[in-house]
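Asks: Single-letter residue listing:
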Amino acid sequence: MVHIADIFGWLAARPRSATKGPLDADEASTPSGIVPVTERDFSHLLRPEIFHQLSPLSIPPPFRNTTKQPTPETPIAELLAHGQFRAAAIASVQALTSSPVSATIAAAHPPVDPSDYARVFSLFYIRLACLCLIDSMPLAAQEAKALEDLNQAYYLDPITGAHLMPWELRLLAIRLQTIGFGDPRRAIMSYYDMAREAHLQIGKAAKAHENTDLELWKRRLVELGIKVGGALIEMEDLAGAAAHMATLRDTAQDGKLATAKALLWLHLGDVDAASRCVRDGKGGPVCEKVVLALVDMANGHFEDGLKKWTELKAELEENGIQDEMVGANLAVCLLYLGRMQEGRQILESLVDEGQSSRTLLFNLSTMYELCTDRAKALKARLADRVSNLEPTSHGWEKTNADFKL
Amino acid sequence: MSHQRYPSMDPVKEPHSVSLKVLRLSRPSLVAQHTLAAPSELQPTTGAAPDDLVPASLAYRSTAGTNPDPFLLTPILNLPPSFGSAYVGETFSCTLCANQDIPPEPPATAQTPAKVQPQKKSIRDVKIEAEMKTPGSASAQKLLLGPHGDDGTPAATAEATGAAADAAGAGGVDLEPGQTLQKIVNFDLKEEGNHVLAVTVSYYEATETSGRTRTFRKLYQFVCKGSLIVRTKVGPLPYNTATTRKVPKPAEDDENKQLRQKRRWIMEAQLENCSEDAMQLERVVLNLETGLRYRDANWIVSESPRPVLHPGEVEQVCFVVEEDGKGSAVVEDSDGRVVFGVLGIGWRTEMGNRGFLSTGKLGARNTR
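Chains A and B, in that order, are what the protein sequence lines are.
With full-length UniProt numbering, letter number 127 in the first sequence gets 127, and the count goes up by one each step, no holes.
With full-length UniProt numbering, letter number 136 in the second sequence gets 136, and the count goes up by one each step, no holes.
Hint data in this document are derived by calculation from the structure and do not stem from the laboratory.
Please read all numbers here as calculations on a predicted model, not as lab measurements.
A portion of the hints provided could be inaccurate.
To be verified - Straight-line distance between alpha carbons at most 30 Å, and here's what the computed BS3-like set of lysine-lysine pairs gives:
1. 218/B / 376/A
2. 190/B / 233/B
3. 225/B / 262/B
4. 225/B / 404/A
5. 190/B / 376/A
6. 262/B / 218/B
7. 207/A / 218/A
8. 404/A / 218/B
9. 307/A / 289/A
10. 13/B / 376/A
11. 233/B / 142/B
12. 376/A / 404/A
13. 233/B / 127/B
14. 142/B / 262/B
15. 218/A / 204/A
16. 262/B / 376/A
17. 13/B / 190/B
18. 127/B / 376/A
19. 326/B / 262/B
20. 262/B / 233/B
Claimed, not checked - Here are the in silico distance ranges between beta carbons for each label pair:
21. 299/B / 56/A: 36 to 44 Å
22. 104/B / 61/A: 36 to 44 Å
23. 55/A / 83/B: 35 to 43 Å
24. 104/B / 352/A: 21 to 29 Å
25. 125/B / 65/A: 53 to 61 Å
26. 321/A / 177/B: 46 to 54 Å
27. 303/B / 251/A: 50 to 58 Å
28. 392/A / 299/B: 48 to 56 Å
29. 113/A / 225/B: 57 to 65 Å
30. 137/B / 352/A: 25 to 33 Å
Said to hold, decoys possible - To give an idea of the chain B side of the interface with chain A (calculated C-beta under 10 Å), a few residues:
31. 60
32. 79
33. 180
34. 188
35. 196
36. 200
37. 352
38. 364
39. 365
In this text, a Cβ means the ideal position worked out from N, Cα and C, and glycines have one as well.
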């Protein structure tokens, strides 16, 4: 196994030649000295036993029995655009394992060529991403194990040292393998490896005056920093996450990083530090109000929180801005004040407006459970209403768990 | 929280027209999201820019830019999904919902002729009462029911709606079908062990021709666990001669040698987080008896951030306690032990949930 960092280290240590001669290529291929990229066979990633069957039983009946369900011939791109992630997960496996059920489906999802690594990885990414989107992350974590060591030389271009996988697949596979192998520290090490790669690429792009590349790698580096923070939170090392987030530089100045830090402090319970993060306009006007309303709730001052959420909701609506979170949090606040009926009405109106986030449905289903002994009927009616929403890229099909059914 | 319906005190064998539902109101939690980049192969077709995110991977939809993506935590709040763990030092909050829940009338069939159809019932004077039975007390403690404004203080305006409108007083409320009487209880958990929350619902069930008062009671049992182990140690320090020199020599000096030579002690405490959640210490203070004062020697003095204790971790704190020299004698118990007072520890956990503990009386052996 050749570690990717070793290759980059080796490339970096090499005196840089102004122009690339024929010798350079030979020289570069020596350390790995393996099959050229175009001849590599990735059929080990196409074995049907890697992939799990997806049961439709976890889907509430209103979603199963509707004309909104896509046909098996719908192209994957269209499935994704309409938020049909379960169908896309199935279609990508049909293409990967060359197991279409009929000729028309085969035409829609043509079997992949084992040496066409770009398509193999693209389909693999769609598969794993869609599993995550339909709340089947445990399955995705199992399937991601098939990728094995993400840094093995087989995944690297022997000439350029570039990774053959798309960046997004590497990021996702790291997290899923972390879950699959039950080793949370793995993610952090891997993100740091990728950050080192991003640093090298930034240096390269800067020298070559490749501005598009430069921006791309800078953005990736920033994202990796934020991902490390998230991984530390998932490891429940909250103090470590706070220390790490404090080291990140706010390059974008759009208030996102300030808000992220404030939310971490809130999660940890330090309301003073959370307020400090967004003070003096650091979080932008809207995010500052959001954080301060959350601070009120964290302090148990639900009346004050309610006032802030109500004002913010009116202000955003006046400007024609939609924000599902503001309405949803307003409803939570009402429940804590003993005004659940009003909260329920707000959540129901959000559903009527076409919002259907997992949190919204979960909170509304919880309120239904508090309202009656026969919550099941109310939840089923909610599932029916949500199934009538137009399928968009925001996702359409829901699971029973989303409605606490 | 396990619950059971108390053996009915109600002679009527019919199902109740009011249902009781409860939810423990721990703090709502921030929802986590795992953002996903749009597949690069599809970017030309979907018009997505490189590294654009799949909209469905975000926790919620917003055009206001409130989502700090790609960060894990988002500001949208989830209601508590389960009871969780209850810890000594925390305030237990719970909402109690009494619902007018008469089952919808079954459609009339040949087997159920119209004359058997139940009469239309109206539900009046619904009341909720709650008591808490703690491990240390023989009898249950009656609980004050909210809606409270902020953490325990009664709401200034009873601007509740619908059914809950006039529920603030002792009187009951009338409930139309589907309406709910919602109450909130707060209880400071001070003991480890089994707690039982007993909720009694009473109402008057009136039909067109008659009426009766009905009552039922539900018990909710939960275990309260220790959250913090406090170990303390007190040691004497040499007399504080540096400060005594500065004190001018008043006449009483000869009478009371003790005043001139102020006694000092060092008090150390180890605080161990024995809960399953991370906690941040907010303040650790001594509430001293008269005649004593103390200096804090912890994170505030060193201007360090507040310590975060993950489960199983220990924070060591330290105070210098001394006689204040103002003439009032320190409190000593029968063994000549100097009584300091109590150590109070306040902490916060996820989403600002508060905890507070205070120790028993601490003190130092007489060193004279």
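Asks: None of the hints should be skipped; say for each whether it holds.
Replies: The hints, checked one at a time:
In summary, the hint linking residue 218/B to residue 376/A is supported, as the alpha carbons are separated by about 22 Å, within the 30 Å threshold. Between residue 190/B and residue 233/B the alpha-carbon distance is near 23 Å, which keeps this suggested pair within the 30 Å criterion. For the hint pairing residue 225/B with residue 262/B, the CA-to-CA distance comes to about 41 Å; that exceeds 30 Å, so the pair is violated. Annotation: proposed proximity of residue 225/B to residue 404/A holds, straight-line Cα distance about 28 Å (limit 30 Å).
Under the criterion of a C-alpha separation no larger than 30 Å, the hint pairing residue 190/B with residue 376/A is inconsistent with the structure, at around 37 Å. Taking the CA atoms of residue 262/B and residue 218/B, the gap is near 59 Å; set against the 30 Å cutoff, the hint is violated. For the given pair, residue 207/A sits about 14 Å from residue 218/A by alpha-carbon distance, which is consistent with the 30 Å threshold. The straight-line distance between the Cα atoms of residue 404/A and residue 218/B is roughly 23 Å, inside the 30 Å bound, and the hint therefore holds.
Distance hint between residue 307/A and residue 289/A is fulfilled; the C-alpha atoms sit about 11 Å from each other, no more than 30 Å. Restraint check for residue 13/B and residue 376/A: the C-alpha separation of about 25 Å stays at or below 30 Å, so the hint holds. Restraint check for residue 233/B and residue 142/B: not satisfied, since their Cα atoms lie roughly 38 Å apart, outside the 30 Å limit. With a C-alpha separation of about 9 Å, the suggested pairing of residue 376/A with residue 404/A holds against the 30 Å cut-off.
A threshold of 30 Å between alpha carbons decides the hint, and for residue 233/B with residue 127/B the separation of about 51 Å lies outside it, so the pair is violated. A hinted pair counts as satisfied when its Cα atoms are at most 30 Å apart, and residue 142/B with residue 262/B does not qualify at roughly 48 Å. Restraint check: the Cα-Cα separation between residue 218/A and residue 204/A comes to about 12 Å, which is no more than 30 Å; the hinted pair holds. Annotation: proposed proximity of residue 262/B to residue 376/A is violated, straight-line Cα distance about 71 Å (limit 30 Å).
Of the supplied pair hints, the one linking residue 13/B and residue 190/B is violated, its CA atoms being roughly 39 Å apart against a limit of 30 Å. Note on residue 127/B and residue 376/A: the hinted pairing holds, with a Cα-Cα distance of about 26 Å set against a maximum of 30 Å. The suggested pairing of residue 326/B with residue 262/B holds, with an alpha-carbon distance near 10 Å, which does not exceed 30 Å. The suggested pairing of residue 262/B with residue 233/B holds, with an alpha-carbon distance near 20 Å, which does not exceed 30 Å.
Checked against the given bound of 36 to 44 Å, the beta carbons of residue 299/B and residue 56/A, roughly 55 Å apart, lie outside it. Checked against the hint of 36 to 44 Å, the pair residue 104/B and residue 61/A fails, with Cβ atoms roughly 21 Å apart. For the pair residue 55/A and residue 83/B, the supplied restraint of 35 to 43 Å is violated, since their beta-carbon distance comes to about 29 Å. In this structure, residue 104/B and residue 352/A meet the distance hint of 21 to 29 Å, their C-beta atoms being roughly 24 Å apart.
Residue 125/B and residue 65/A have their C-beta atoms about 45 Å apart, which leaves the hinted 53 to 61 Å range violated. About 38 Å separates the C-beta atoms of residue 321/A and residue 177/B, a value inconsistent with the hinted range of 46 to 54 Å. The supplied range of 50 to 58 Å is broken by residue 303/B and residue 251/A, whose beta-carbon atoms lie about 28 Å from each other. At about 50 Å, the CB distance of residue 392/A to residue 299/B agrees with the hint of 48 to 56 Å.
Range check, residue 113/A to residue 225/B: about 59 Å between beta-carbon atoms, so the 57 to 65 Å window is met. With their beta carbons about 49 Å apart, residue 137/B and residue 352/A fall outside the hinted range of 25 to 33 Å. Because the beta carbon of residue 60/B sits about 4 Å from the nearest beta carbon in chain A, less than 10 Å, this interface hint is met. For residue 79/B, the shortest C-beta to C-beta distance to chain A is roughly 5 Å, which falls under 10 Å, so the interface hint holds.
Evaluation of the residue 180/B hint against chain A yields a held restraint, the C-beta minimum of about 6 Å falling below 10 Å. Using the Cβ-Cβ criterion of 10 Å, the hint placing residue 188/B at the interface with chain A is not satisfied: the shortest such distance is roughly 13 Å. Taken as an interface hint, residue 196/B does not check out: its beta carbon lies about 21 Å from the nearest beta carbon of chain A, beyond 10 Å. Taken as an interface hint, residue 200/B does not check out: its beta carbon lies about 18 Å from the nearest beta carbon of chain A, beyond 10 Å.
Nearest Cβ of chain A to the Cβ of residue 352/B: about 3 Å, under the 10 Å cut. The hint holds. Nearest Cβ of chain A to the Cβ of residue 364/B: about 33 Å, over the 10 Å cut. The hint is violated. At about 37 Å, the closest approach between the beta carbon of residue 365/B and any beta carbon in chain A exceeds 10 Å, and the interface hint on this residue is violated.
In this structure, the earlier hints numbered 3, 5, 6, 11, 13, 14, 16, 17, 21, 22, 23, 25, 26, 27, 30, 34, 35, 36, 38, 39 are contradicted, and the remaining ones agree with it.
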